[in-house]
Amino acid sequence: MTTTIIKTTTRLLAPLILVFGLYIILHGHLTPGGGFQGGAVVASGLALLIVAHEHKKVKELFERAPLSQLESIGALGFLGTGLLGLAGYTFFKNVIANSGFLFGGKTPIGINPGYLNTGGTLAYMNIFVGMKVLAGLTSIILIFFLILKEGEK
Amino acid sequence: MIEHLPALVIAIPLFGAFITPLFRKRYNLAALWAILISGLTLVLVLLLEYQVLTKGMMIYVFGADKPTLVLPSGYRVPIRIMFQVDGIGAFMAISAGLMSFVGAVYSYSHLQKETGLEKYYTLLLLLTAGILGMVLTGDLFNLFVFLEIASIAGSALVGFRNYRGEASEAGIKYLIVSSVASLMVLFAVGILYGQYGHLNLAYLSKQITFNPLDMIALGLLFTSFAMKCGSVPMHYWVPDAYTEVPSGINPPLLVSTYASLYALFRVSFTLFGKITIDMATVGWIMSILGVLTMFIGVTMALVQKDVKRLMSYHAISQTGYMLLGVGVGLTVFHDKQALIEFGRTAMAGGVFHIINHIIYKSLLLLTAGALFYVTGTRNLNEMGGLARKMPITTISFMVGAAAISGIPPFNGFASKFLIYEAVYKLNPLLAIFAMVTSILTLASFVKVFASAFLGPPLEKYEKVREVPKPMIVAMVILAALCVLFGLFPDFVLDKIVYPAVDALINFIQYQSWGGLA
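First to last, the sequence lines map onto chains V and H.
Following the working numbering from start to finish, the first sequence increments by one per residue and tops out at 1102.
Following the working numbering from start to finish, the second sequence increments by one per residue and tops out at 655.
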């Protein structure tokens, strides 16, 4: 059941929620939150979009969304980042930190506002975890939604 | 690369698990992939065992500069998650690797009529990763995490045939029991962390004082792991779960049950190892629970008509032997004389029984799965005369039944004999109960054999043939292991069982991370 109120609110809120979720994922190594929390926020934005729209439209939109693949890629990416450490160190060793690679900037010592380009593998892991969580939670909501709607018919 | 083995043993099944969904509807490829990955895991755990036997305990500190850097520069306490692989951990890892391989091979043809198999194999590999993590880790919180992974993967697999109401019920039951158990574990971990500020098992075991809060933590850990390993009076989930799960998952699910048993031993022997007086009481509790478990399990099994349900009650009953053997060891743990005289032997019996039971009970459950595959029923009253049609399944069943009843020269005899002998020296009554249980076990398996395999051939099973090759291969591997372990028990005892027992007894070695600090 969707009404105009829900649709209008969703149109306004959903983009904000999605962007906020992505912000939490990306700033996971600097501010509270991280991959899991950000992924859950993104998934809640997508949940809002799902429940606010007609059954047919949702099915059309999400039928070809590669959620299962995205989930696998998230997990594989996380493992892959961990495996990077095997090159000379141990599993999960933060090899990207201070290396000059993306997210590998030098972390200044002392009080600072937090620089995005630091954190090494942490940032990558947050991104992959976020990907996995948003795909997983969205597919759970989607399954519930589609089953419930089919039951109503 | 060899020093990275403990990490790879976890990373490879996880990697395999997350690749599997990408095969989508190509179920045969997914099955072959799962067989490949579990075979690779088996090779890795065998290598791991070899390393542990030749070089001693293996430490792997995640995220450190070197795998063996337990205490980072400037710290006097461990701050990173570490894997600490000793004899018993490697012993359990072998069981897990072997059984997930056998399970994957068996599932290849057992499940051909089902759908959603890519998820099935993902869960199978995740279950393997969870078990391996549980038995290798040296960190209390990490133990909880892997316990959860194994529980969730296990309960999804128990409910895999979701078109059957009973399967969904069993899956939910397993999920609830597991989450209650793991929440209690988390609570106990919280109590210990709040007091000592550490989660490292070895470090915690050095600090522990056994004040009332620690006693609560021990009680919670003991109860929840006993619940997860299916000891009486928390055994009610075992028959449902083992009966409803697809037979190919029975072997890894059995190992996941005994991974909780391992955690129980680890907590009693290592975490609370230095508490001298009260652990004897805990040992007595464990032994008596063991006797109750074996006796109640076998009496419940005698009346069953469903072949898998009957075998599941036997699984409960056999868990009692392990609890009894190791419980006797725990009772005399701080009495050096008695420990050398019979405690170590009793523990060897208990630990040896773990791998023996995993092998023969998996074999029996796989033959039950084969019966279900050809007849479509699990009710013993509706079967009959299958011996002529399915010779290999029949022989496998006979080997398994003889092994579980403790008839020489099969592997069940070797470990049961050790238990009888050693337990008799502590208290003859316990040993008598163990022997009576064994006789009752034989009685109920004679019943299964007679009603399923013997008798005149039934008309409705006229067209029944032997099961497909992959299922036969899985059964024959296990039957061969039953015979080999029974014929050469000394080899197995010396190579893998006694190192495992000594790893439990020698907790000082564990506390110092194998001499690293």
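By construction, these hints were calculated from the structure, which means they are not laboratory data.
Heads up, the beta-carbon is just placed ideally off N, CA and C, and yes, glycines get one too.
Certain hints may be false.
Stated by the list, open to error - From the structure, some residues in chain H lie toward chain V, with a derived Cβ separation under 8 Å:
hint : residue
1    : 156
2    : 201
3    : 608
Stated by the list, open to error - So these bits of chain V aren't anywhere near chain H, every CB distance computed over 12 Å:
hint : residue
4    : 966
5    : 1042
6    : 1054
Hints, one by one, checked against the model:
no., hint, result
1, 156, "4 Å, holds"
2, 201, "4 Å, holds"
3, 608, "26 Å, violated"
4, 966, "27 Å, holds"
5, 1042, "5 Å, violated"
6, 1054, "20 Å, holds"
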